[in-house]
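Student: The chain contents come next:
2 protein chains.
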Amino acid sequence: MKRFFIIAASLLWGAALFAQQALIPGTGIVSPEINADNTVTFRYYNPKAVTVEVSGDFLPTERITFTMDGRERSWDAPGRAALTEQNGLWTYTSAPLEGELYSYTLYVDGQKMMDPSNIYQNRDIATWTNIFTLSAKKGDKGWYYQVNDVPHGNVSKVWYDSPALGMQRRMTVYTPAEYETNKKTKYPVLYLLHGSGGDEDAWSDLGRAAQILDNLIAEGKAEPMILVMPNGVYFNQAAPGVAVNMFQPTMANSRSQSTVEIEDSFPDIIKYIESNYRVKKAKNSRAVAGLSMGGRQSAALSRKYPAMFGYVGMFSGVVPPEVDEATGKDKVLDAVFAAKPELYWIACGKTDGVMVNSLLLNDYCEAQGHPVTFYESEGGHIWRNWREYLTIFAQLIFK
Amino acid sequence: MKRFFIIAASLLWGAALFAQQALIPGTGIVSPEINADNTVTFRYYNPKAVTVEVSGDFLPTERITFTMDGRERSWDAPGRAALTEQNGLWTYTSAPLEGELYSYTLYVDGQKMMDPSNIYQNRDIATWTNIFTLSAKKGDKGWYYQVNDVPHGNVSKVWYDSPALGMQRRMTVYTPAEYETNKKTKYPVLYLLHGSGGDEDAWSDLGRAAQILDNLIAEGKAEPMILVMPNGVYFNQAAPGVAVNMFQPTMANSRSQSTVEIEDSFPDIIKYIESNYRVKKAKNSRAVAGLSMGGRQSAALSRKYPAMFGYVGMFSGVVPPEVDEATGKDKVLDAVFAAKPELYWIACGKTDGVMVNSLLLNDYCEAQGHPVTFYESEGGHIWRNWREYLTIFAQLIFK
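Protein chains in written order, with the numbering used here: chain A, 1 to 399; chain B, 1001 to 1399.
Bound-form chain A, shown alone (with noise of 0.2 Å):
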């Protein structure tokens, strides 16, 4: 009898996993495939197809130019490469690529589609593309943002209460490798802020922030230290999905302009944040961080809070100054300075279309001997960037 019951068991089980949950595995082609010399082969099958470009953050940038509300407007396009085709099968091998995390998507005949032998996907606001890192040797930026041997801290989504908002909201929370063993040691806090049309998995999804985080304090780069990853939406509770049913994400949704913004409503995120975890509460124990719109919050929270945060980090996205015409002053702007903050930190990309308000900032800062610090990358704005700057950053804080 054991005998027929085991072999009833493997047949029935095999067959039964096969099918009902639709599992054929992907197309039995390897695309992308990362060679031995770090350039990349991406593969499609498709014999019908007419033209096949991949589209790209690894290949040169196309200027575009272009009319918007009668301006003439210019963007730094992903480039695109065309396939070749030999049997059906068409074929695109990359330059050598430095170790990276690199974003794609394939034009079949001009219509945008997932590489289908690539399960490896994302979704940025309301743009999906498929993903894949190349593995990179110590000390290379895609280094840091790989899952390496190092202690890993864990990561929460966690739901805190907002009077403010009228809402329960949901937020991530990563906390150090060394927090669940050091039970009695208390940790500085960063806030770090998505950019406009993002959510909370931002940073830690496309941004890698845990990675990140995870390899520079294993280093001893970075002080151990709790990241907390907000919503920065007003209205919204969670990421798409999570909450709010069939919501579309855009970059245009994300602010108010009129009723309560996120900077009103921070004071909920601290309290829940310094009730709930050990953490150190005094202001050079706190910063404060973010891409594009979330540059913009974490400029607006230390204009409103001056002395909440002792770190401000503003990537891709700044409150330019807001000087009166009378005396040529930003009085808020100088009340931040007022309260000395440790680190008062600007980066932007060279292309990147926020660059003027960035050097107003800075030049406004530099005129009244305030105290910051300006990192220029090359790019535009664009993850590539964040990551290297959050990178960076964390570097400078708590120190």
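Be aware that a few hints might be false.
Unchecked claim - Under the rule of at most 30 Å between Cα atoms (straight-line distance), these lysine-lysine pairs were calculated in the DSBU-like manner:
hint: 1; chain 1: A; residue 1: K280; chain 2: B; residue 2: K1186
hint: 2; chain 1: A; residue 1: K304; chain 2: A; residue 2: K281
hint: 3; chain 1: B; residue 1: K1281; chain 2: A; residue 2: K184
hint: 4; chain 1: B; residue 1: K1112; chain 2: A; residue 2: K112
hint: 5; chain 1: A; residue 1: K399; chain 2: A; residue 2: K137
hint: 6; chain 1: A; residue 1: K183; chain 2: B; residue 2: K1186
hint: 7; chain 1: A; residue 1: K183; chain 2: B; residue 2: K1283
hint: 8; chain 1: B; residue 1: K1183; chain 2: A; residue 2: K280
hint: 9; chain 1: A; residue 1: K48; chain 2: B; residue 2: K1048
hint: 10; chain 1: A; residue 1: K186; chain 2: B; residue 2: K1183
hint: 11; chain 1: B; residue 1: K1350; chain 2: B; residue 2: K1112
hint: 12; chain 1: A; residue 1: K271; chain 2: A; residue 2: K184
hint: 13; chain 1: B; residue 1: K1350; chain 2: B; residue 2: K1221
hint: 14; chain 1: A; residue 1: K271; chain 2: B; residue 2: K1186
hint: 15; chain 1: A; residue 1: K399; chain 2: A; residue 2: K340
hint: 16; chain 1: A; residue 1: K331; chain 2: A; residue 2: K304
hint: 17; chain 1: B; residue 1: K1184; chain 2: A; residue 2: K281
Claimed, not checked - Distance ranges between label pairs, derived from CB positions:
hint: 18; chain 1: A; residue 1: D109; chain 2: B; residue 2: E1366; range: 55 to 61 Å
hint: 19; chain 1: A; residue 1: N87; chain 2: B; residue 2: E1376; range: 46 to 52 Å
hint: 20; chain 1: A; residue 1: I29; chain 2: B; residue 2: K1271; range: 38 to 44 Å
hint: 21; chain 1: A; residue 1: P96; chain 2: B; residue 2: N1035; range: 50 to 56 Å
hint: 22; chain 1: A; residue 1: I392; chain 2: B; residue 2: M1167; range: 29 to 35 Å
In case anyone wonders, no lab produced these hints; they're calculated from the structure. Since the model is a prediction, treat every value here as computed from it, not as a measurement. Note that CB positions come from ideal geometry on N, CA and C, so glycine has one too.
Position chain B relative to chain A; hints supplied.
Tutor: Structure of chain B alone, referenced to chain A:
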């Protein structure tokens, strides 16, 4: 000066955001649209397409027969429906649907693709599908899968050390809402296991485990409990994309069959949970359940450690009785019942290939006088059933 700065800020801000994140949002088309009568309309624009179909789990399944390893097999494939075209816009409206979480994809000229107008997607093993949730009224199955206005527990991704598997591993832990406030209360634990090719994100994503428990606890239908959702693939540290670069999950590569299995490493998981959380440590405060491979693992865990779990749930997966030819007995299984579990619960869908083994197990138990509960549902080896089984099972335990 002030006026100039603000104008410059808002214009550049808008242009930069519009441009560099490449976030021209969506297609301008609403798809799917949930209509007032609970029908759902799908829309897709493509004037060049010849055929467009939608394939989803809200359509009647189609029985497909195929030959594998020289044997004829069959399974219930998700049904398909044709969209009809007018001026390049393809549409299809479903029958009225019950409140549920549904999955679908499009087929354009035979090529599978995501609905470009729906940003909501989920990966199950190696298969991406679009998803949508039909709002359900209280009492509907689907109501339990939504974020309702009830207290919410926290969901954490934590790392534990597994000496048995020789690696740090990631798992998902749900703590009930009151865990944060009742600081002295200890809680029972349900260990909840995913299927072949799945990972530690499966139950919290497609399984909606946190929402199910939040809602059941708020209604007083389930005891406040901790859910522990480990990664059941013996060679993986974590879900694809977190730790293992470009790993391709399949159903076939989840079990070692020869070296150490998840069951051998389970004490590592329990040790971490019982060291780091406020949990009750008695047998009757521990439950184990799982779907498919996880159901088999739950059965195997109860066989291996009969004194460990007071409740065992097998969702579409079991270890069939291993009966000695001479005695007609499965001594190991008999020992499970000698330890008097509070509940030994088998659930399976009528058209599930695992039904044969589930019945073998049920019949053996009944013949031996072992108390067993068998729950038979409609349908097959699908998430709709597993969400329902969890909803039922969670109400039966720790009472």
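Student: All hints are to be evaluated individually against the structure, with a verdict given for each.
Tutor: Evaluated hints:
The hinted pair formed by A:K280 and B:K1186 meets the criterion: a straight-line CA distance of about 27 Å does not exceed 30 Å. For the hint linking A:K304 to A:K281, the alpha-carbon distance of about 18 Å falls within 30 Å, and the restraint holds. For the hint pairing B:K1281 with A:K184, the CA-to-CA distance comes to about 24 Å; that is within 30 Å, so the pair holds. Between B:K1112 and A:K112 the alpha-carbon distance is near 13 Å, which keeps this suggested pair within the 30 Å criterion.
A threshold of 30 Å between alpha carbons decides the hint, and for A:K399 with A:K137 the separation of about 27 Å falls inside it, so the pair holds. Of the supplied pair hints, the one linking A:K183 and B:K1186 holds, its CA atoms being roughly 18 Å apart against a limit of 30 Å. For the hint pairing A:K183 with B:K1283, the CA-to-CA distance comes to about 28 Å; that is within 30 Å, so the pair holds. Distance restraint check for B:K1183 and A:K280: the Cα-Cα separation of roughly 21 Å lies within the 30 Å cut-off, and the hinted pair is therefore satisfied.
Of the pairs offered as hints, the one joining A:K48 and B:K1048 holds, with about 13 Å between alpha carbons and a cut-off of 30 Å not exceeded. Our distance criterion of 30 Å between C-alpha atoms is met by A:K186 and B:K1183, whose separation comes to about 18 Å. Distance hint between B:K1350 and B:K1112 is fulfilled; the C-alpha atoms sit about 29 Å from each other, no more than 30 Å. Proposed proximity of A:K271 and A:K184 is supported: the alpha carbons are some 20 Å apart, at most 30 Å.
Proposed proximity of B:K1350 and B:K1221 is supported: the alpha carbons are some 27 Å apart, at most 30 Å. Taken as a hint, the A:K271 and B:K1186 pair is honoured in the structure, with Cα atoms around 25 Å apart against an allowance of 30 Å. A threshold of 30 Å between alpha carbons decides the hint, and for A:K399 with A:K340 the separation of about 15 Å falls inside it, so the pair holds. Between A:K331 and A:K304 the alpha-carbon distance is near 12 Å, which keeps this suggested pair within the 30 Å criterion.
Proposed proximity of B:K1184 and A:K281 is supported: the alpha carbons are some 24 Å apart, at most 30 Å. At about 60 Å, the CB distance of A:D109 to B:E1366 agrees with the hint of 55 to 61 Å. The hinted range of 46 to 52 Å is satisfied by A:N87 and B:E1376, whose Cβ atoms lie roughly 49 Å apart. A C-beta distance of roughly 42 Å is found between A:I29 and B:K1271, which places it inside the suggested range of 38 to 44 Å.
Range check, A:P96 to B:N1035: Cβ separation about 52 Å, and the 50 to 56 Å hint holds. A C-beta distance of roughly 30 Å is found between A:I392 and B:M1167, which places it inside the suggested range of 29 to 35 Å.
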